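If you want the building blocks of each chain, they are given just below.
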Amino acid sequence: MWDYTDQVMEHFYNPRNQGKITDKEAGEEIVTGQVGSIACGDALKLHLKIDEATQTIKDARFQTFGCASAIASSSALTELLKGKKVNDALLITNKEIAQSLGGLPEEKMHCSVMGQEALEAAIYKYKGITIEEHEEDEGKLICRCFGTTDSKIRRIIRENNLTTAEQVTNYVKAGGGCSSCLPDIDDLLLELATEKETLAMATEIGRDDDLSPQSPTATQATKPLTNLQKITLIQRVIEDEIKPILAEDGGDMELFDLEGDVVKVILKGACQGCASSLATLKMAIEATLRDRVLGSLIVEAV
Amino acid sequence: MNDCIYLDNNATTKIDEDVLAVMLPYLTTYYGNPSSMHTFGGQIGRAVRSARGKVAELLNAEESEIIFTSCGTEGDNAAILAALKAQPNKKHIVTTEVEHPAILNLCRKLEKEGYTVTYLSVNNQGQIDFDELEASMTGSTAVVSVMYANNETGVIFPIERIGQIAKEYGALFHVDAVQAVGKIPLDMKNSAIDMLTLSGHKIHAPKGIGALYVRKGVRFRPLLIGGHQERGRRGGTENVVGIVGLGKAAELAQQHLGNIQEEKRLRDKLEQSILATIPNTVINGDYINRLPNTTNIGFKYIEGEAILLSLDKYGICASSGSACSSGSLEPSHVLRALGLPYSVLHGSIRFSLSRFTTEAEIDRVLEILPSIIDRLRELSPFNSDDADWLKEQEQALLAK
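Chains A and B supply the protein sequences, listed in that same order. Read in order, the letters of the first sequence correspond to residues 1 to 302 in our numbering. Read in order, the letters of the second sequence correspond to residues 303 to 702 in our numbering.
Just so you know, these hints were derived from the structure itself, not from any lab. A couple of the hints might just be wrong.
Below, simulated DSBU-like cross-link-like pairs (lysine-lysine); rule was C-alpha separation at most 35 angstroms, straight line [stated by the list, open to error]:
1) Lys49/A with Lys615/B
2) Lys58/A with Lys414/B
3) Lys95/A with Lys615/B
4) Lys140/A with Lys414/B
Have a look at the derived ranges for each label pair, beta carbon to beta carbon [as the list claims (entries may be wrong)]:
5) Glu680/B with Lys95/A: 50 to 60 angstroms
6) Asn426/B with Lys20/A: 32 to 42 angstroms
7) Glu197/A with Asp431/B: 46 to 56 angstroms
8) Glu413/B with Leu190/A: 40 to 50 angstroms
9) Ser442/B with Ile266/A: 50 to 60 angstroms
10) Asp614/B with Glu106/A: 17 to 27 angstroms
11) Lys140/A with Gly441/B: 41 to 51 angstroms
12) Arg144/A with Asp614/B: 32 to 42 angstroms
13) Ser179/A with Asp570/B: 35 to 45 angstroms
14) Glu669/B with Gln235/A: 56 to 66 angstroms
15) Lys20/A with Arg463/B: 48 to 58 angstroms
Which residues of chain B face chain A? A partial, calculated answer using Cβ under 10 angstroms [stated by the list, open to error]:
16) His394
17) Tyr603
18) Lys615
19) Gly617
20) Pro633
21) Ser682
It should be emphasised that the depicted structure is a prediction, and the values quoted were computed from it without experimental measurement. Virtual Cβ for every residue (Gly too), placed ideally from N, Cα, C.
Next up, chain B with everything else stripped away, as it sits in the complex (with noise of 0.2 angstroms):
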C-alpha cells in the first residue's frame, strides 16, 4: 500500500514528515491543557500561539483572526451561521451550484427553515456569470458563500469581483478555501473577503483540524457554545496536536508555493500526453484558470468506477464523479451542472498532484493508463465504432 501512486491530493494529503515530527511530542511529552494557569500548560498556549500566527502567516492575516476549527465543514457551517444570526433581518444567502455539501446540505436546510437561497449556475467552464450574481442580490441578503476553486474540476473563481459585489449590497462574504490554500497565494489584507475557510489535511496536516479566518470587526457568534477557548469564539478545550500539526503545515505550504511551477509542470504532462495518447478525452472545466494541481478528465464511452478499480489494481489512486463510486445512483453536481454530455459525465477522472508526487510516478500512470481504457472502451457498448445506440439516446435526449 505503501508504494501506491496517489494522485488523490483534493480528497485528502499525506501528512508531511516534518509535520509528524513536530507534533509528536504533543502527543506524549506536551500533554498540558493551554487553558492551564501552571507553566506546564502555557508552554503548550505558547505552542498554540506560534501555530496560529504560522496560519496567519500563509493568509497574511492577523493572529487574532484566525480560529481554530475541527474541518471544513465546520469552518463553513460557522461562518454562514454567525452570518445569518449577525444579521437577523437578512434572510437571503447566495451561494453556487457547485459548492461543497457542507454549504449546499446547510442551505437546503435553512431553506426549510425560512431562508431563501440563490444557487449560481455555472457555465461550461464552470464558471459563474456575474449578471446572474447581481441580479440574485438584494438589500436582504446576508451572505455571499462561494468557494475559491473547486474541488473536482480545480476552476478558480475571480473571488475579488465576487466580493465587490457583495459589498455594493453590505452583504458579507464567505470563501470555502480548502482546496485553494496552499496552491495559489492569498492576501487577506488586501481582499474583500470577511470569513474564510481551510482545512488541514488537504495540505499536509492531519485530519481533525482546520482554520476560519473572521476579518477584524465581522460579528462573529460561535457555533460551538462552551468555554473562553479561541477567545469565546469556539467553545472546546483545543486539539492542540492538530493544531501544532496545521502550524507546521502553513510554514511548509508557503514554503512550497515558490515551487508550485513545479507541480503544475507535472499536471500539465500528464494531461497533455493522455490527450495525445487517449482519443475520445476532453478536459474538464477551464484549461487555463484552476489549481495547478488539478485536472479532470473524461474519458467518452467508459465509466469511472471501473476506470478507477482499474487503476487501483496497479495501485494508482484517483478520484471519479461518477454515479457507481459514490453510492448517491447521480452522478458529480459539479460535473452535471458543467452541462457536460452524458458520453463524458459519467467517465470523468479526477487526478490531483501534491509536492510529493514524482516524474517517475507520472510517467507510470502514462504507461498503464492507455491499456485501461482501451480494455474498457472494448466492453463498452457505446464505442465509437460502435455508436448507433449511443447517437440515438442522445438525440433523443437532446429532443427532451
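Bound-form chain A, shown alone (with noise of 0.2 angstroms):
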C-alpha cells in the first residue's frame, strides 16, 4: 500500500471543486485544459473562471480520472488557483502542488506533473496558444508507451532535478512501459548532467574573468569563450530568464542555433506571427542575451 500523507487522504475522501463551470457573467471566461488518456491511466480536466478585466481565477474546478494521488494533486491545484492572477497562477511548479499535500511517493510524482501540465493547457488555450503548438508535442519521441517527448523529459530533469531514468520514470511515467526506452532516458540524463557541469565551468571561468552569466560586465571580459560554453550560457539564460517573461503573454521560443556570435531561434506561441515580434527578438532577446552572455550576439529567428 502507498504511503499517502493524511492531507492526500483528506482530499481523496473529501476533494475540493470537483465538477464543471457552467456559469459565468459579463466580463468573464471559461477555459479548460485537458491532459492524460485513458490509455495512460491518468487523466485531467481543470476548469477556470477567469475575471477578464482583473486577470483573475475566480473559480477552479476538476475532472478527474486517476489514482488516490492523482485525485488529491487535482483537489489541491485547484485551492491554490483560486484568487490568483493568471501570470502568477502558470509559475506554479507540481512540487508545489506535491508540496501543499505534505508530499506524494516518488512513484506518484507524474499525478503532480499532471496537475502543472492540464493548468498550463488552460492558461495557454486562454491566452489563445493551441496546444498542439507546446513545445513538448514537437519534441522527439523517446517514450512510446505514454508518449512523452524529449523535451518534456528535459524539463522534467531540470526542473527537478531529476538523476536516474527511475525518477523520470516516477515523474512523467516514461521508461514505466516496455522500458525500451530506459537507455535514451539515461542519455538525456547524461546530456544534461554534462550541460550543467559545463556551465559550472564556464561560470566558474567567468567569476575569475568578470564573466558570470549575471555580470552585466561579462563582454568585458578578456577570456574568449568556448562555443560550448557560449551555447550552454545561452540555453540557461533563455530557460531561466527569457521564457518565463515570454511566457506571462503565452510566448515561447526555443534555442536553433549558434553560428558564431548570430543566435538563431524559433518563436513559438504568442511570439510566433505576432506583429511585434521584432521589438520582442531585439528588446527581450537579444537585449537580454548580450546583457547576460556577450555584448557582440546577434539574434535572428528562423
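Please dock the two separately framed chains into a single complex, following the hints provided.
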C-alpha cells in the first residue's frame, strides 16, 4: 500500500472543487485544460473561470480519472489557483502541488506533473495558444508507451533535479511501460548533467574573468568563451530568464543554432506571427543575451 | 483490522485455526531435526511424512512424488530448470502471456541465456488457442508450462488437452496450480501432468511453505544443492512447522472441496448483484470456465486504486490490476492480454472469496460499493454523461 500523507487522503476522500463550471457573467471567461489519456490511466480536465478585467482566476474545478494521488493533486491545485492572477498561476510548479499535500510518494509524482500540465494547457488556451503548439509535442518521441517526448523529459529533469531514469519514470511515467526507452532516458540525463557541469565550469571561468551570467560586465571579459560554453550559457539564460517573461504573454521560443555570434531562435506560441515579434526579438531576447552572455551577440529568428 | 471483510484470498489466505493448532507444538515442544537419528528427531520425521501423505492425497499422488518447497515461485523455478537440465539438447519452452511472474521473468532470463520461449496469447475470455499451441511445438520443446487457473480472472485452462499435445511432441508438462489447489479437484494418477506447483498460503497454511509434485520417473535435478533432504531433490533442513501446517491445510482443503458450491453461490451473488445495480460494469475473463471463488469486474470510466482505497475505508479488502496500485505504471499483463478496452482495463477489481467468507460480508459489500462507484464516476472526466473525450481517445487508439 502506498504511504500517502493525511493531506492526500483528506483531499481524496473529500475533494474540493470537483466538477465543471457552467455559469459565467459578463466579463468572465471559462477555459478548460485537459491532459492525460484513458490509455495512460491518468487524465485531468481543469476548468477555470477568469475575470477578464483583473486577469484573476475566480473559480477552479476539476474532473480526474486516476488514483488517489491524482485526485488529491487535482483538488489541491484548484485550491492553489482560486484568487490568483493568471500570470502568477502559470508559475505554479508540480513541486508546489506536491508540497501542498505534504508530499507524494516519488512513484506518484507524475500526478502532480499532470496537474501542472493541465493548468498550463488551460492558461495557454485562455491566451489563445493551441495545445498542438506546445513545445513538448514537437520534440522527439522517447517513450512510445506513454507518448513522452525528449523536450518534456528534459524539462522535468531540469525542474526537479532528477538524476536517474527511475526518477524520470516516477515523474512522467516515461520508461514505465516496456522499458525499452530507459537507455535513451539515461542518455538525456547524461547530456543534461554534462550541460550542468559545463555551465558550472563556464561560470567559474566567468568569475575569474568577471564573466558570470549575472554579471553586466561579461562583455568586458578578456578570455573568450568556447562555443560549448557560449551555447550552454545562452540556453540557460533562455530557460531561466527569457522564457518565463515570454510565457506571461503566452509566448515561447527555443534555441535553434549558434553560428559565431549569431543566435538563431524559433519563436513559438503567441510570439509566432505576432506583429511586435521583431521588438521581442531585439529588445527582450537579444538585449538580455547581450547583457547576460556576450555583448556582440546578434539574435535572428528562423 | 480483525473486522475487515477479506475478499483478497487469491493474494493470500488467513491461517485456519486448526492449522495453527497443529503447528504450534512444532515451534515449542517438538523442535527436533527430522534428519536426526535419535527418537526425538524421529518423531518429527514422522510428522513430516504424515504431512507429505496428506498433500499427496489432495493431489491423488504418491508420497514419494511430493517435494516440499518454500513457495510457489520456488516450485515453478525448480520445475522449469529441472526440465531443461534433464533435456540439454532441447532449448525451447512454451508458456502463456498470462502466467505468474515466477514463470514469465524466469523465461525472460532464460531467453538471454540462449533458450527460445513461445508465449501463447489468449483470447478475450482468457483462453489459449490450440492451433497456436500446436504450431509452436517442435522437437526441441523441452517443457510446456501453463497455469491451471489464472490468479486474476480465475479462468481455468483445459489442462489435460494441453498436456496431451505436450506429450505428442515429447515435452515435459508443468502446471502452476497455485490458484487451483483446494478450489477444484486434482487427480495426478489420471493426468498428463509431469510436475505441479502449489503454495501453502493460498490454502490457509502459512506463508513460506509450498510443494512441487514430480511424477515418478521424471528426471529431476535439484534447484537447491545441499543435504539428502527430500530424497536429495531439495537440500536444506525442512521447514517442519510449515510442512505440518501445509499437511493439515491440505486435509482441510480436501474436505472443503465437497462444500465449494457454497463459496460459488456467494461469489455469484456478489457478482450478479453488482451487475444488476451498478451500470457500466463487466465481468473479465471466461464467465463459465473459472474458479468458483474468483470474480474480476471492470468498472468503466474509473481507476482501480481509487476504488480499492475507498473500499479500504470501510475495511473491505480486494485487489486491482490497475497500474496505479502496482507501482509498475503498466496495468496488469493478464488483463492487457485479454484485450480489454482501456475504459475497463484500468478500473478492474478482483474479489476472491474463501471458505470463511460469509453472506453478511457479501451483503455489506453490496451495500457500500454502489455509492463508492457513483462518487468516483462523478469525479471522472470520462463519466458516461460526458464521454466525448473518451470517445475521441478510443477512436484515436483504434485508428493506430
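Quiz prompt | Hint check, failures only | solution = When the structure is compared with the hints, numbers 2, 5, 8, 16 and 19 turn out to be violated.
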